[in-house]
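K.L.:
The lines below spell out each chain.
Protein chains: 2
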Amino acid sequence: MQPSDSEDEVDSPDGPGSSHIPPTIYVIKFHPAAAREAIEWLIEKIEAKHKYGGAELLVRCEPQKQSQGVSVHVSATKIKLLEVAESADLQKKTSSGLVQDFCVRDLDQFLYPGLTLDTVLTPAEREYCVRHELDSIRAKQEEGHVPGYPQILLHPGESIISVYLAEELITDMFPLHDRQVLESLANKWYKAIFQIAPFGLQLSLDVEKYEFFQKANDYIERVLPGFQLPNLTGTIPKRKESTDESMDAKSEGEAFYTEEIRSYFGESVAMYFSFLGFYTMALLLPAALGLLQMVLSVDTLTEYSLFAAFNLIWVTIILELWKRRCAEIAYSWGTLDKQCQVESRPGFSGEMRQNPVTGRFEPCYPHWKTKLKVYMVSAPIVGLCLLGCLWMMMIAFFAEEQLMDWKKRYGSVAGIFMHVPSAFYAALVWLMNYYYKKLATGLTVWENHRTQYDHDWHRVSKLVIFEFINNFSSLFYIAFYIQDMDMLCSQVATMLIVTQMINHFQEALLPYVVKKAYNQFADSLVSQLRSHPLTAKLFEEIVKPVHGAEPEESPVCILALDPKDPRIVQAKEECDLDPYEDAYDDYLEMFLQFGYVFLFSSVYPMAAFWAVLNNVLELKTDAFKLCRVFQRPKVKRVGSIGVWQGSFELLGAVAVMTNSALLCLSPRLRHLAPTASPVEWVLIFVLLEHAILACKMALMWLVPDQPLWVRQALEKINYQSKLALKNERGKKTRRHLSRRFRSVHGMPRSGSRSRGTTPVAQNGGLRHRTPSGNYREY
Amino acid sequence: MQPSDSEDEVDSPDGPGSSHIPPTIYVIKFHPAAAREAIEWLIEKIEAKHKYGGAELLVRCEPQKQSQGVSVHVSATKIKLLEVAESADLQKKTSSGLVQDFCVRDLDQFLYPGLTLDTVLTPAEREYCVRHELDSIRAKQEEGHVPGYPQILLHPGESIISVYLAEELITDMFPLHDRQVLESLANKWYKAIFQIAPFGLQLSLDVEKYEFFQKANDYIERVLPGFQLPNLTGTIPKRKESTDESMDAKSEGEAFYTEEIRSYFGESVAMYFSFLGFYTMALLLPAALGLLQMVLSVDTLTEYSLFAAFNLIWVTIILELWKRRCAEIAYSWGTLDKQCQVESRPGFSGEMRQNPVTGRFEPCYPHWKTKLKVYMVSAPIVGLCLLGCLWMMMIAFFAEEQLMDWKKRYGSVAGIFMHVPSAFYAALVWLMNYYYKKLATGLTVWENHRTQYDHDWHRVSKLVIFEFINNFSSLFYIAFYIQDMDMLCSQVATMLIVTQMINHFQEALLPYVVKKAYNQFADSLVSQLRSHPLTAKLFEEIVKPVHGAEPEESPVCILALDPKDPRIVQAKEECDLDPYEDAYDDYLEMFLQFGYVFLFSSVYPMAAFWAVLNNVLELKTDAFKLCRVFQRPKVKRVGSIGVWQGSFELLGAVAVMTNSALLCLSPRLRHLAPTASPVEWVLIFVLLEHAILACKMALMWLVPDQPLWVRQALEKINYQSKLALKNERGKKTRRHLSRRFRSVHGMPRSGSRSRGTTPVAQNGGLRHRTPSGNYREY
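First to last, the protein sequences are chains A and B. Quick note on numbering: the first sequence equals residues 1 to 778 in the working numbering. Quick note on numbering: the second sequence equals residues 1 to 778 in the working numbering.
There could be a bad hint or two in this list.
Because identical chains cannot be distinguished in the list, a pair is counted as satisfied if it fits within a single copy or across any two copies.
[As the list claims (entries may be wrong)] Computed list of lysine to any residue pairs in SDA-like fashion (alpha-carbon distance at most 20 Å, straight line): (1) Lys437 - Gly642; (2) Lys722 - Asp101; (3) Lys516 - Leu431; (4) Lys716 - Asp101; (5) Lys373 - Trp701; (6) Lys625 - Met501; (7) Lys93 - Ala560; (8) Lys369 - Pro533; (9) Lys722 - Gln100; (10) Lys722 - Asp106; (11) Lys437 - Ser378; (12) Lys92 - Tyr719; (13) Lys722 - Gly334; (14) Lys323 - Trp701; (15) Lys371 - Val703; (16) Lys722 - Gln712; (17) Lys722 - Asn355; (18) Lys516 - Gly411; (19) Lys437 - Ile381; (20) Lys625 - Arg668; (21) Lys620 - Met501; (22) Lys634 - Gly646; (23) Lys371 - Met173; (24) Lys572 - Asn187; (25) Lys93 - Ile717; (26) Lys323 - Leu650.
Since the hints were derived computationally from the structure, they do not count as laboratory data.
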């Protein structure tokens, strides 16, 4: 057992005295006033051996300046990373084309030609592994509180890092960019503005998968002829060999693949870009139809209905095909079964008990309590918020009408107040949005979902419902209460085009420019204040220790980085950036756009065209945002777009109803069938709606969620692990069986007539044993 | 290797010379004119060792009489049965409460107290194992045709038994009843007519499962308070210890459990009875509401809508709860994952190729070809048949109207023809039904589905659509075209009550009585004809050999049973019975009843009451039918009610539409809201329908298909097999990893600054190797 203890040194032959560590993966910034003991205790934990509850990572601190908090850089040896990759159940593609659990023993299987031990794990996977280790530093039974803070209690099994974050002992913890990789990525990604590349979002398929893929494609072609999406048929792409430095030179000018986004930013970001690309491609057809509709100026009932029906069924087809595509992508990423993961998320709290599945001691919380909280508390609260929103909207509309009346009566004096209600309403919506987001997050944390997936699901679904009401209720009001189609049309156009364009500017460019300017200004101000004799004292009063303890100036007792190490500057720069939470805002934007395009497509068919234009730009600004505006995102391993899939599907179903109703109300159509009675006219659209909904249902039900090749590959793995299980139990032998059988029942004899040829032996079968030489020799 | 060859003798110590074998499980009757070579070849195969492609079963023939075909009895030793149970992937409950693959090595795990090696496999499982072995006798490459029949070709890998059956070389093949078990089952089951037992259809839960179950129950209670079904809460039932002979005495008078039906008749039959019991319990509420509605004589719009809405949502709740219940049952039977089974059904044909999943050589048939056949050929044909049906119904209605006219004009002369069209229509429907069933079966066989599940699914769904149109189209015509609610009401009542009562008589009692009488008559006639000198010759002419060969009178060269063996008489008796195909007819009856009850529930609320009465009787007649009228059914291991679940759900959705429309049309309701305009009146019901449908959708989506405890149990097994897989790969060792790392890269050094601390070594890393003693010693 001894040798394994001395192995850490293998990786750092300079010994623990060296200040050099492998590239920094995480930077942890402690609060300037955090107690030295607490900091050192955590650092010790991070460095300690597994058997002492540590994470076995490498830590170096930045050379400290006065009154600044301790910042440490966390890294890991290559061996450690490979080990973690295995224990964190990372799945990777083997050279046989199947995706299997990563396993150090079978390392050769995962080494494609061109990959080495250094590059077998992508930057994203390395980040994931280090965070996984940091998160799994958990409090032990005997550790009652954080050293130095008797008031901060530690429940056994609690993730220590999350306690430090919650108590603000750690002010910031973020992965550091790998600048070299990032630059080469950015060059190909957002800088090439006029490149068609974003549409070629393809996986780097190896040959076997490509064959599978072709088959699946042939199959789609046969079952749904003509419905094939352009980017489902690709030529065999040249395999991206690795993510190492040599890549830049080789792949300059090549098409840019999702696989590369994934290898740096992780699965959730890559999934978003895949979806965006897929969805934009799928919008091309409605956009073309919208243009066609405008050019041809259709004007029969059948034509209108056909266009609407096609659009609405197309939505279902898009979403079904995306589900299949998503399964393919997730399979090749090894995240297809992430939904049923057994691991609990770091923030999950509960009594420490044995997990019924794994038998490990883990925080446990009764499932029914969570359900109860969801249905009995959260759901009513969300409902009330939605009602509040609707009520506010009604008041705004009512006030506007009143003003309209007053304007007529009292002339232009009232006219200047005309836009007050809507401005007031807009401000209120913004405010409510802000607080509701906090409320939703708080409620979801309080519901205490065990897995990250469930947590995200419940949080996002709360937000989506609210956003839906906020954004579309006024349109519904215009469409079905005021019934003014022209107003609806202009309103949709405004909201779609103007707000989206502003969004681009606001979400990517503005923060980048403003932040840079602000930072420069703030830095110069601070240094001036510090140096000026009048303000220096005041300044020190302001930057007061939060936890009461005086900042100790003695350096932390671990090795510091070389003061000239470029990572120190880099960490400072990136610390000032905003953290990238998740792709929620980006998905939300798509969701709202989807609503504007399809909910009212029969009134404003041009929406799809504008949406396509927007999305092309969106691909670029989102890329820019990720590379420049935010901190390096934390990798989330996802296997689908989660709650958004359901939201889009629901919106698709609602769109069928709204469009049927819009066509039914449309004054342009009413005169096309002057002979129909009003009831007949309504029934036509009820029937149309039912027919389209039935079609959608049938499609959703008939198209399998996973393509054949994915199902086969999964079955294959399942079968192999079943075989392995059987083998492990040992090859059954007849000998074993018949010997045992005899020892219980004596000589089995098939001569007796009735069933149960030998009487059941409670006496151990000794009575029946008739040993005979020739049966004994084996 | 030698010893294992001599093991068959272990089980039959009397040697191959003995004519006694364990209880007969299967009887195979060959055609009287089948070539002796073919018979002997197959018997040889059944007896041969596995390595020679045999089934290793025991065979004895009946003592032959002149001009009768050869009949053989097939059985198996206990050891063989256990072996097959393992290789056929049978799952059984272990004493730890989990359901796992049966494994001979871990036999002790499956031996509950009270179970012995003789009784660990139920009669149903024994039957399943023997048939599994018979079906897996497959033709080898070198066997080009059936011996004696050069024209009957054998494709390699084809199931030989199914070829013999298809070519009618085997005229009958059925499992023999175990009379002792059957009697004890029948006594408790259908004979106790006034017992409440059928409602207590519960699983025999062991204690651990019971706890799980209670938790799930608590959960339902909390999430859906008040929606709990009575038979979900049970006291801990006494565990049924075994199925051996001692059972009769002990369990007399105890409640009768599904588990016992399953242990004798297998999963598909037990599943049907569980469903019937569950569904009947669930109908009690609508029945009570129906009575209430009659007693209270509701007459406001709100009341009507509430009753209708409740009924329609109750349907969804029933079906959702059944899905969960079904998952519980299937889990405890080990059939939950039978849908994704890898084994292909015996009748599946195709090129012999490697299965992409298992790697075994199997018949393969492109998936897309099957799909193509389904969508391009079968679907249009089925569609045409449906159109034909509708067309015929229209003609019948039209003819009746014409006759009505003529009657008015020409008086009673035409009146006598009044019922000709409907009688003619009924006859046609009967005839079409008969041929359509053949067509559907033929089409499904031609579609060539790989798994039994897919095959059954496609066959049954074809039949269900047809039956739906046949049975309900006339009701729809009356309801929505003629719009005569009184006629509809009486029609529903007639069809529900009269036809179902007739059904009971026809399906169980009639065949039993008629068959017995007919058999006696036929036997006496044949013996008279044979003995009479005038007809004896003629008789021999009629019973002519089919395959041309003269029946050889030499006995088959295997051992015969004792001529006094009671099994010979039993086999003869049971051979005369009809084979039990599947529960299709029984499910269909429930499906149609479900339709009558819910499709028009707002018009005829009493339907549920009659349905309950009917079902109580149905439970008894179906039991009688299984025990007396049919041959012992072949066990089918099913995990759900298959296509019926979807059919019932679809019918539930259609019921929402029909009931909304019926309420909208109802003249009784119209005067309740005299101020509403016709359009508003229609919109009320459109909204009502949408609201109910949305509720249904939300329910279906929110209620998980499997209860928590089943999901946890499945996850546990999954986790264990994953662990086993990891263990099998060998415990990863750091030593392995770091040694390997060094041999490729030389000494890893974390001192260098940039990422990729050691340059990727194409040169085998020799340049970097800096061996140092202290790192080498481990």
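K.L.:
Now look at each hint and say whether the structure bears it out.
P.N.:
Verification of the hints:
1. In this homomeric assembly, Lys437 and Gly642 come within 20 Å of each other (Cα to Cα) only inside a single copy, at 19 Å, whereas the closest approach across copies is 43 Å.
2. Taking the closest pair of Cα atoms, Lys722 and Asp101 come within 20 Å of each other both inside a single copy (15 Å) and across two copies (10 Å).
3. With identical chains, the CA atoms of Lys516 and Leu431 are never at most 20 Å apart, being 27 Å at best within one copy and 84 Å at best between copies.
4. In this assembly of identical chains, Lys716 and Asp101 lie within 20 Å of each other by CA distance both inside one copy and across copies; the values are 14 Å within and 18 Å between.
5. In the homo-oligomer, the alpha carbons of Lys373 and Trp701 lie at most 20 Å apart only across protomers (19 Å), although the nearest pairing inside one protomer, at 32 Å, exceeds that limit.
6. Taking the shortest alpha-carbon separations for Lys625 and Met501, only the intra-copy value of 15 Å comes in at or below 20 Å, while the best inter-copy value is 73 Å.
7. Taking identical chains as interchangeable, the C-alpha atoms of Lys93 and Ala560 are never at most 20 Å apart, the minima being 39 Å within one chain and 59 Å between chains.
8. Taking the closest pair of Cα atoms, Lys369 and Pro533 never come within 20 Å of each other, the shortest separation being 59 Å inside a single copy and 87 Å across copies.
9. In the homo-oligomer, the alpha carbons of Lys722 and Gln100 lie at most 20 Å apart both inside one protomer (14 Å) and across protomers (11 Å), since each shortest distance falls under that limit.
10. Taking CA atoms no more than 20 Å apart as the test, Lys722 paired with Asp106 passes in both settings, with 19 Å inside one copy and 16 Å between copies.
11. Only within a single protomer do Lys437 and Ser378 lie at most 20 Å apart by alpha-carbon distance; the minimum there is 13 Å, versus 53 Å between protomers.
12. In this assembly of identical chains, the alpha carbons of Lys92 and Tyr719 lie at most 20 Å apart whether taken from the same copy (18 Å) or from different copies (19 Å).
13. In this assembly of identical chains, the alpha carbons of Lys722 and Gly334 lie at most 20 Å apart whether taken from the same copy (19 Å) or from different copies (15 Å).
14. For the homomeric pair Lys323 and Trp701, the shortest alpha-carbon distances inside one copy (12 Å) and between copies (17 Å) are both at most 20 Å.
15. Only between protomers do Lys371 and Val703 lie at most 20 Å apart by alpha-carbon distance; the minimum there is 11 Å, versus 32 Å within a single protomer.
16. Taking the closest pair of Cα atoms, Lys722 and Gln712 come within 20 Å of each other both inside a single copy (15 Å) and across two copies (19 Å).
17. For a Cα distance limit of 20 Å, the shortest separation of Lys722 from Asn355 across copies, 16 Å, qualifies, whereas the shortest one inside one copy, 23 Å, does not.
18. In this assembly of identical chains, Lys516 and Gly411 lie within 20 Å of each other by CA distance neither inside one copy nor across copies; the values are 48 Å within and 101 Å between.
19. Taking the shortest alpha-carbon separations for Lys437 and Ile381, only the intra-copy value of 13 Å comes in at or below 20 Å, while the best inter-copy value is 55 Å.
20. In this assembly of identical chains, the alpha carbons of Lys625 and Arg668 never lie at most 20 Å apart, being 45 Å within a copy and 65 Å across copies at closest.
21. Taking identical chains as interchangeable, the C-alpha atoms of Lys620 and Met501 lie at most 20 Å apart only when both belong to the same chain, with a minimum of 13 Å there against 71 Å between chains.
22. In this assembly of identical chains, Lys634 and Gly646 lie within 20 Å of each other by CA distance neither inside one copy nor across copies; the values are 25 Å within and 42 Å between.
23. In this assembly of identical chains, the alpha carbons of Lys371 and Met173 never lie at most 20 Å apart, being 32 Å within a copy and 53 Å across copies at closest.
24. Taking CA atoms no more than 20 Å apart as the test, Lys572 paired with Asn187 passes in neither setting, with 24 Å inside one copy and 84 Å between copies.
25. Within a single copy, Lys93 and Ile717 get their C-alpha atoms as close as 12 Å, which meets the 20 Å cut-off; across copies the closest is 25 Å, which misses it.
26. Proximity of Lys323 and Leu650 under a CA criterion of 20 Å is satisfied intra-copy only: 14 Å inside one chain copy versus 23 Å between copies.
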